[in-house]
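**Q** Residue-level listing of the chains:
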Amino acid sequence: MSDLTVQLPGLDLKNPIMPASGCFSFGREYSKFYCLSQLGAIMIKAATADKRLGNATPRVAETHAGMLNAIGLQNPGVEAIIDHELPFLQTFDVPVIANVAGSTIEEYEGVARALKRTEAISAIELNISCPNVKEGGVQFGTRPELAAEVTQRVKAASHVPVYVKLSPNVTDIVEIAQAVEQAGADGLTMINTLTGMKIDLKKRQPLLANQVGGLSGPAIKPIAIRMIYQVYQAVDIPIIGMGGITSTDDVIEFLLAGASAVAIGTANFKNPLICSEIIEQLPQALQKYHFASVKDAIGKGHGHG
Amino acid sequence: MSDLTVQLPGLDLKNPIMPASGCFSFGREYSKFYCLSQLGAIMIKAATADKRLGNATPRVAETHAGMLNAIGLQNPGVEAIIDHELPFLQTFDVPVIANVAGSTIEEYEGVARALKRTEAISAIELNISCPNVKEGGVQFGTRPELAAEVTQRVKAASHVPVYVKLSPNVTDIVEIAQAVEQAGADGLTMINTLTGMKIDLKKRQPLLANQVGGLSGPAIKPIAIRMIYQVYQAVDIPIIGMGGITSTDDVIEFLLAGASAVAIGTANFKNPLICSEIIEQLPQALQKYHFASVKDAIGKGHGHG
Amino acid sequence: MKVCEAVIDDIKQIARDTMQVHLKVEANILQTIKPGQFVHIQVNNGTEHMLRRPISVANIDQERQLLTIVFKVFGQGTAKLAAYEAEQSINLLIPCGQGYPIEELQIKKALLIGGGIGVPPLYYLARQLAKKNIEIISVLGFQTQADVFYQQDFEAFGQCFVTTMDGSYGYKGVVTDVIKQEHLLFDYYFSCGPTAMLRAVQTELTNYPGYISLEERMGCGIGACYACVVPSKDQATYKKICQDGPVFRANEVSI
Amino acid sequence: MKVCEAVIDDIKQIARDTMQVHLKVEANILQTIKPGQFVHIQVNNGTEHMLRRPISVANIDQERQLLTIVFKVFGQGTAKLAAYEAEQSINLLIPCGQGYPIEELQIKKALLIGGGIGVPPLYYLARQLAKKNIEIISVLGFQTQADVFYQQDFEAFGQCFVTTMDGSYGYKGVVTDVIKQEHLLFDYYFSCGPTAMLRAVQTELTNYPGYISLEERMGCGIGACYACVVPSKDQATYKKICQDGPVFRANEVSI
Ligand SMILES: Cc1cc2nc3c(=O)[nH]c(=O)nc-3n(C[C@H](O)[C@H](O)[C@H](O)COP(=O)(O)OP(=O)(O)OC[C@H]3O[C@@H](n4cnc5c(N)ncnc54)[C@H](O)[C@@H]3O)c2cc1C
Ligand SMILES: Cc1cc2nc3c(=O)[nH]c(=O)nc-3n(C[C@H](O)[C@H](O)[C@H](O)COP(=O)(O)OP(=O)(O)OC[C@H]3O[C@@H](n4cnc5c(N)ncnc54)[C@H](O)[C@@H]3O)c2cc1C
Ligand SMILES: Cc1cc2nc3c(=O)[nH]c(=O)nc-3n(C[C@H](O)[C@H](O)[C@H](O)COP(=O)(O)O)c2cc1C
Ligand SMILES: Cc1cc2nc3c(=O)[nH]c(=O)nc-3n(C[C@H](O)[C@H](O)[C@H](O)COP(=O)(O)O)c2cc1C
Ligand code: FES
Ligand code: FES
Numbered sequence: 001m002s003d004l005t006v007q008l009p010g011l012d013l014k015n016p017i018m019p020a021s022g023c024f025s026f027g028r029e030y031s032k033f034y035c036l037s038q039l040g041a042i043m044i045k046a047a048t049a050d051k052r053l054g055n056a057t058p059r060v061a062e063t064h065a066g067m068l069n070a071i072g073l074q075n076p077g078v079e080a081i082i083d084h085e086l087p088f089l090q091t092f093d094v095p096v097i098a099n100v101a102g103s104t105i106e107e108y109e110g111v112a113r114a115l116k117r118t119e120a121i122s123a124i125e126l127n128i129s130c131p132n133v134k135e136g137g138v139q140f141g142t143r144p145e146l147a148a149e150v151t152q153r154v155k156a157a158s159h160v161p162v163y164v165k166l167s168p169n170v171t172d173i174v175e176i177a178q179a180v181e182q183a184g185a186d187g188l189t190m191i192n193t194l195t196g197m198k199i200d201l202k203k204r205q206p207l208l209a210n211q212v213g214g215l216s217g218p219a220i221k222p223i224a225i226r227m228i229y230q231v232y233q234a235v236d237i238p239i240i241g242m243g244g245i246t247s248t249d250d251v252i253e254f255l256l257a258g259a260s261a262v263a264i265g266t267a268n269f270k271n272p273l274i275c276s277e278i279i280e281q282l283p284q285a286l287q288k289y290h291f292a293s294v295k296d297a298i299g300k301g302h303g304h305g
Numbered sequence: 001m002s003d004l005t006v007q008l009p010g011l012d013l014k015n016p017i018m019p020a021s022g023c024f025s026f027g028r029e030y031s032k033f034y035c036l037s038q039l040g041a042i043m044i045k046a047a048t049a050d051k052r053l054g055n056a057t058p059r060v061a062e063t064h065a066g067m068l069n070a071i072g073l074q075n076p077g078v079e080a081i082i083d084h085e086l087p088f089l090q091t092f093d094v095p096v097i098a099n100v101a102g103s104t105i106e107e108y109e110g111v112a113r114a115l116k117r118t119e120a121i122s123a124i125e126l127n128i129s130c131p132n133v134k135e136g137g138v139q140f141g142t143r144p145e146l147a148a149e150v151t152q153r154v155k156a157a158s159h160v161p162v163y164v165k166l167s168p169n170v171t172d173i174v175e176i177a178q179a180v181e182q183a184g185a186d187g188l189t190m191i192n193t194l195t196g197m198k199i200d201l202k203k204r205q206p207l208l209a210n211q212v213g214g215l216s217g218p219a220i221k222p223i224a225i226r227m228i229y230q231v232y233q234a235v236d237i238p239i240i241g242m243g244g245i246t247s248t249d250d251v252i253e254f255l256l257a258g259a260s261a262v263a264i265g266t267a268n269f270k271n272p273l274i275c276s277e278i279i280e281q282l283p284q285a286l287q288k289y290h291f292a293s294v295k296d297a298i299g300k301g302h303g304h305g
Numbered sequence: 001m002k003v004c005e006a007v008i009d010d011i012k013q014i015a016r017d018t019m020q021v022h023l024k025v026e027a028n029i030l031q032t033i034k035p036g037q038f039v040h041i042q043v044n045n046g047t048e049h050m051l052r053r054p055i056s057v058a059n060i061d062q063e064r065q066l067l068t069i070v071f072k073v074f075g076q077g078t079a080k081l082a083a084y085e086a087e088q089s090i091n092l093l094i095p096c097g098q099g100y101p102i103e104e105l106q107i108k109k110a111l112l113i114g115g116g117i118g119v120p121p122l123y124y125l126a127r128q129l130a131k132k133n134i135e136i137i138s139v140l141g142f143q144t145q146a147d148v149f150y151q152q153d154f155e156a157f158g159q160c161f162v163t164t165m166d167g168s169y170g171y172k173g174v175v176t177d178v179i180k181q182e183h184l185l186f187d188y189y190f191s192c193g194p195t196a197m198l199r200a201v202q203t204e205l206t207n208y209p210g211y212i213s214l215e216e217r218m219g220c221g222i223g224a225c226y227a228c229v230v231p232s233k234d235q236a237t238y239k240k241i242c243q244d245g246p247v248f249r250a251n252e253v254s255i
Numbered sequence: 001m002k003v004c005e006a007v008i009d010d011i012k013q014i015a016r017d018t019m020q021v022h023l024k025v026e027a028n029i030l031q032t033i034k035p036g037q038f039v040h041i042q043v044n045n046g047t048e049h050m051l052r053r054p055i056s057v058a059n060i061d062q063e064r065q066l067l068t069i070v071f072k073v074f075g076q077g078t079a080k081l082a083a084y085e086a087e088q089s090i091n092l093l094i095p096c097g098q099g100y101p102i103e104e105l106q107i108k109k110a111l112l113i114g115g116g117i118g119v120p121p122l123y124y125l126a127r128q129l130a131k132k133n134i135e136i137i138s139v140l141g142f143q144t145q146a147d148v149f150y151q152q153d154f155e156a157f158g159q160c161f162v163t164t165m166d167g168s169y170g171y172k173g174v175v176t177d178v179i180k181q182e183h184l185l186f187d188y189y190f191s192c193g194p195t196a197m198l199r200a201v202q203t204e205l206t207n208y209p210g211y212i213s214l215e216e217r218m219g220c221g222i223g224a225c226y227a228c229v230v231p232s233k234d235q236a237t238y239k240k241i242c243q244d245g246p247v248f249r250a251n252e253v254s255i
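Order-wise, the sequence lines are chains A, B, C and D.
Counting in my numbering, the first sequence tops out at residue 305, every number present.
Counting in my numbering, the second sequence tops out at residue 305, every number present.
Counting in my numbering, the third sequence tops out at residue 255, every number present.
Counting in my numbering, the fourth sequence tops out at residue 255, every number present.
There's no promise every hint is true.
BS3-like, lysine-lysine: derived pairs with alpha carbons at most 30 Å apart [unchecked claim]:
{"id": "1", "chain 1": "C", "residue 1": "Lys80", "chain 2": "A", "residue 2": "Lys203"}
{"id": "2", "chain 1": "B", "residue 1": "Lys202", "chain 2": "D", "residue 2": "Lys12"}
{"id": "3", "chain 1": "C", "residue 1": "Lys72", "chain 2": "A", "residue 2": "Lys203"}
{"id": "4", "chain 1": "D", "residue 1": "Lys34", "chain 2": "B", "residue 2": "Lys32"}
Counterexamples of contact, computed for chain D against chain C with all Cβ distances above 10 Å [what the hints assert, rightly or not]:
{"id": "5", "residue": "Lys12"}
{"id": "6", "residue": "Ile14"}
{"id": "7", "residue": "Thr68"}
{"id": "8", "residue": "Gln106"}
{"id": "9", "residue": "Gln202"}
{"id": "10", "residue": "Arg249"}
Everything labelled a hint here was simulated from the structure, so no lab data went into it.
Using N, Cα and C, we set each Cβ at its ideal position, and we do this for glycine too.
Just chain A, with the same shape it has in the complex (with noise of 0.2 Å):
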C-alpha cells in the first residue's frame, strides 16, 4: 500500500486529509461519523482572544456548485477552546492545528500566547483572511507588510510552527505569500474564500444578514489550484491546500499543484464521512496515477517529471 504519510513543521500526518478550519468546529460532531485518530490532523474552529457571538443569520447561501458564508468568527474565546475543546481532541491520535484569528496584531498575538499553556495543538493556523469580519482580518491578508509584521508578531508570541493562511481576494497572491515567508512563516494553508454575495430577489437584499459571504466549495478550485502553483514555485515552505475538494482525484490535483497536504471544508457539509472515505481511498488512486507515495506526487505538476 502507499506510503500516505507527509512531514512538515510541527506535523507528523498519517496522511494528508485534513478537515478545514471553521467546517469541523472542534471534531465533536464529526466524531459521531468516524473515530477522528483517522484523519491526518484538525483544523479546528478560529479562536479569538474573547467570546464571540458572530453574524447575524442568514449565514449561509447555496451558489452553483459552492456556498457562501458569513458566520463571523463566532467562537468562545481562546481560554474556553483551551479548556473546554483542546481536552476531547486530546483522546485521539490526531495533530490538532489552531486557528488563530483577530481584529488586531495585538489580538492575535493575544491568542498565539495563550494557546502557549497547551500541549494540545501542533501548529498555528494564523487566519489572515477571514473575509466576514468588519474589521482586520481582511486587510491583514491583502496587504503584504501587514501580512508580514502579524506573522512575525504570531511567530514570536508562538511555541508551535506557524502556518499563514492566505486569502485569495488578493491582486498579487505570489507578493503576499513571499512577503509573509519572509516574517517567518513556517508554512502556508490556502485558499480561504473569495468574497462574494447572493442577493434574495423576493427581499430585494442580500441574503445574508452580513451581505458578503465567504465563497467555498468546487465552484472556486481552479483558483486555488492556480494560486497553489503559483505560490509552489516562489516560496521554500510548504503549503497546505485546500479550496473545493470532494475527491481523491482533486486531493491529488493539488498535491501535483504543490500542497503537501489538503484540507476539507464545504465537502463535510454534504457528506460528514468525505474525509474518512477520501483517506480509505487515496492509496488506490495514488496507484492509478502511478504514484508510489503522496510525497511522490507533491509539485510533480510543475514540468515532467
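Using the hints, position chains B, C and D with the ligands against chain A.
**A** Chains B, C and D with the ligands in isolation, oriented as in the chain A frame:
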C-alpha cells in the same frame, strides 16, 4: 407587458440581454438559431490591431459549474473585422459593442482609432482584463493608474462611448472602477474571468496549453454580484453585468445588484438559445418579483425600496 | 446520527407544490426518532448542490419501516427532490436535532399550532401524544385552499381548526385569531411554522408553557458550522437550531 | 443545425466502458446528416456541466428514425451519459461540423482506419460508401480484446483487420503495422482515432489522398468560441475543428 428597454450611453437597448464578448464570435453561428435582432445588443469577440492566432490547444476545460478558457485573443484583426464581420451584423437591427484589446496602450488606441471608420458599432468595450495573453491585457486591469491611462487614451481616440471591462482578479475592484470613471469611461462592464487552472492528472501538467485560463460560468456569479454591488455604490456610470448568468432569476439578481443590462457568456455553449429564451421569459419574471420594468429593478437590491 | 441511503417507497403530491414521500428506513433507526426531529437531505450526487435540505419527520410507521416527509417545492433543491421517483434512493442524515420532549412533560391537553410546512412535524407529534392519551386540539394555518393538507389526519385526534389567509377555506386569518376567537383551553402548546407566526404565537400565548420549532438556513445540520444560530432570550449566547433545536421552549429563544 | 431533445430508444454496453445508444430523431434532421459529422450533447440539466460533449454519428437508420452513437466512458460527463436509460431524453446540437465529402470524390477502393472511439463514425461512412458500391477495407485498432466492437459490422462490407496493442486479439500492434504488412491497396483513405494514430497514418500514407477526423476540447461546438482550433499545414492560420472539421484532408492540417 413590462417595459424591457434600457437607455445607456450610445446604446438604445430593446432589452437588457446581450451575448458576452468572446462567446458569440461575430454572431454568424448563433444567427442560425434565432434572429439576432431579438438581442438587446451584441458584444463581439475582441479585436486587436493585427490578426492574432491565439494560444495553443487545449484552450478550454470544464470545471464545476464553470469552465476555463485560454483562447488568447484569436481574431482576424480590427481591419478584417470591420470589412468582413461588421457588415453581416449590420443586416440586423441590433447595437454592436466592439471589444477592444491590445498589448500596449498604443495598440488599444490604434484599434479604437481604426474603428472610427465604421458606423457599425455603437460602443466600445475596452478589454483591460483578459488574463490569457502574455503581455498587456491583465496588467492594465489590475493597476488603477494604468487602467485610467488606457481609458483616457482610448476615450480620446474613439467616436463612440467607451465601456471599460473590469478584471475581478484584484484586491480592490472599487478603486479600479473609480479610476476609470475619473478617466472618462462612459460605463463599466464586469466581470471578466477569474484566473484559474486545472491540472491533467494523467499528464501531470496543467491541462490548458497556456497553463492558466479564465474561469467563467455560474461558479463565479457570487463574485460578480458582490463586485457589481460594491461598484454600483461607488460610481455614477452604468454597469453592464456578467458572470455566470443562466436564467431570468440571474438577470434580475444582476439588475438588483446594480447592473443596467447584462451579458451572457458561457451559458450560450450549454444552450445556444439561451439569450433568446431569457428575453422571452423576462417580462414574466419581472412580474413575478413585482417589477414594472427592467429600469424599475436596477439597483433595487441596495437597501429597501 | 447516521448517514443513510433511503429508498423511496412512494412519492406523491398532496397539495399545491406539496409533496409527501415515504422512505424505507431501518427499524433500529426509526426507533430512535422523536417528533420534532428532522432529516438532512442530499439534493443529489455531484457538486451542483453542496448543501443538504433540512426536512422534518412527518410520521413514522414502525411496522412498515417507513418514514414520512412532507415538503413544499420552494427553490431549486426541493424542486429536484420533488422529481424523484419511487425506487430511487436519497441520502439522509438521520435523525437530526432535538425533538419535543414529551416524555418529560405532564400534559393533559395539548394545543398544536402549525403553519404551512410547519404542519407535518406536528402530525407525528400528535400521534405520539395520542398514544399517551393526551387530548389534542390543532390549529392549522395555510395561505389558501389549495395549500391545505392533513386536515382529516389531525381531525382523527380531536378538534381541528383550519385557517387560510385569504379565507378561501376554513377560518379567514391567522392561527392566533382562531385561538382567541375559539377561547381554546390547553396546558401546553406546540408550534411550528414561519417565523412571523411563531412570533405571534410567542406573544399571544406568553402565559402558557409551550414549545416552538425554528427554521434557519443550515450548513452542516449537525452543529459543526455555526450557520443556524438563534439568540437566547437574553441575547447573551447563540443556540444552534440544528443541534440544540429545532425545538425550543418558547421562552428560551429570541426570534 | 438544430437544438433537439432526442428520446433514447435503447442504450447498452457493447465493449469495455463502451456504450451504444439509439436516439429517436426526426427524419428531416436525419436526412441532412453526413458521415463524419457529430452531435454536441448536453450532459444534463442544471449547472454542474456547462460544456457539451462532442460524439460522432455512428449510424443512421432512416426507416426507424434512429441515430446511433457509440461512446467510451472517459470522464465525468460520459459517465453520466452512460447512466441514462431508455425513454429518457437528451439534448443535442445536431448536426455539427463537416463530414467526409464522399459525394465529391471518385473512389474505387476505400481504406477505413479507425482507432478506439474513432471506429464508430467510420461505420456510418462504410454504409454510405457501400451504397455507392465502393469497395471497402477496414483496419480497426483497439487497446485490448475487451475494447473490440463492431468487427462483424465492418466485415459485412469487406475485408476487416483488427489489431490490439497488446496482441490479445487480432494482430498485435498499431493500425499502420497492418497496412504495411498486408500491402493493402486503395485509392482513398479515411481515418479517425487518437491523434498519435492519425499522425502515424498521415506520415505513413503520405502518398495517398486521405481524410482524417480530429478531436479537440470544445466550447460551443459551432464555431463561435475559437476553442477547438488546429493549425493549417503551413501554420499560418487556424481551422476550427467543430466548424471546418472534424474531417480534414490529411494534408490540410498540422497535427
Ligand atoms: C429544522 C427544519 C425543518 C424543516 N422542515 C420542513 C418540512 O418538513 N417541510 C418543508 O417543506 N420545509 C421544511 N423546512 C424548510 C426547508 O428546509 C426549506 O424550504 C428548503 O431547505 C428550501 O430548499 P430549496 O432547495 O427549495 O430552496 P433554495 O432557495 O434552493 O435553498 C437554498 C439554500 O437555502 C436553504 N433554505 C432556503 N429556505 C430555507 C428555509 N425556509 N429554512 C431553512 N433553510 C432554507 C436551503 O436549505 C438551501 O441550503 C425545514 C427547515 C428546517 C430548518
Ligand atoms: C468531433 C469529435 C467527435 C467525437 N466522437 C466521439 C465518439 O464517437 N465516441 C467517443 O467515445 N468519443 C468521441 N469523442 C471524444 C469525446 O468527446 C470525449 O471522450 C468526451 O468529451 C469526454 O468527456 P468526459 O465527460 O468523459 O470527460 P471529462 O474529462 O469530464 O471532460 C471534460 C471536458 O473535456 C472535454 N474532453 C475530454 N476529452 C476529450 C476528447 N478526447 N475530445 C474532445 N473533448 C474532450 C469534454 O468534452 C469536456 O468538455 C469525440 C470528440 C470530438 C471532438
Ligand atoms: C462555514 C465555514 C466556516 C469557515 N470558518 C473558517 C474559520 O473560522 N477560519 C478559517 O481560517 N477559515 C474558515 N473557513 C474557510 C475554510 O477553512 C476553507 O479555507 C474554505 O472553505 C475553502 O475550502 P472548501 O472549499 O473545501 O470549503 C470557513 C469556511 C466555511 C464554509
Ligand atoms: C471562451 C471565452 C472567450 C472569451 N473571450 C473574451 C474576449 O475576447 N474579450 C472579453 O472581454 N471577454 C472574453 N470572455 C469573457 C466573457 O465575455 C465574460 O466576461 C465571462 O465569460 C463571464 O461571463 P459568463 O460567466 O457568462 O461566461 C470570454 C469568455 C469565454 C468563456
Ligand atoms: S447547520 Fe451547522 S451548526 Fe447548525
Ligand atoms: S468549439 Fe467553439 S469554435 Fe469550436
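**Q** Please go over all the hints and tell whether each is borne out by the structure.
**A** The hints, checked one at a time:
no.	hint	in the structure
1	C:Lys80 <-> A:Lys203	23 Å, holds
2	B:Lys202 <-> D:Lys12	28 Å, holds
3	C:Lys72 <-> A:Lys203	19 Å, holds
4	D:Lys34 <-> B:Lys32	19 Å, holds
5	Lys12	21 Å, holds
6	Ile14	26 Å, holds
7	Thr68	28 Å, holds
8	Gln106	51 Å, holds
9	Gln202	39 Å, holds
10	Arg249	41 Å, holds
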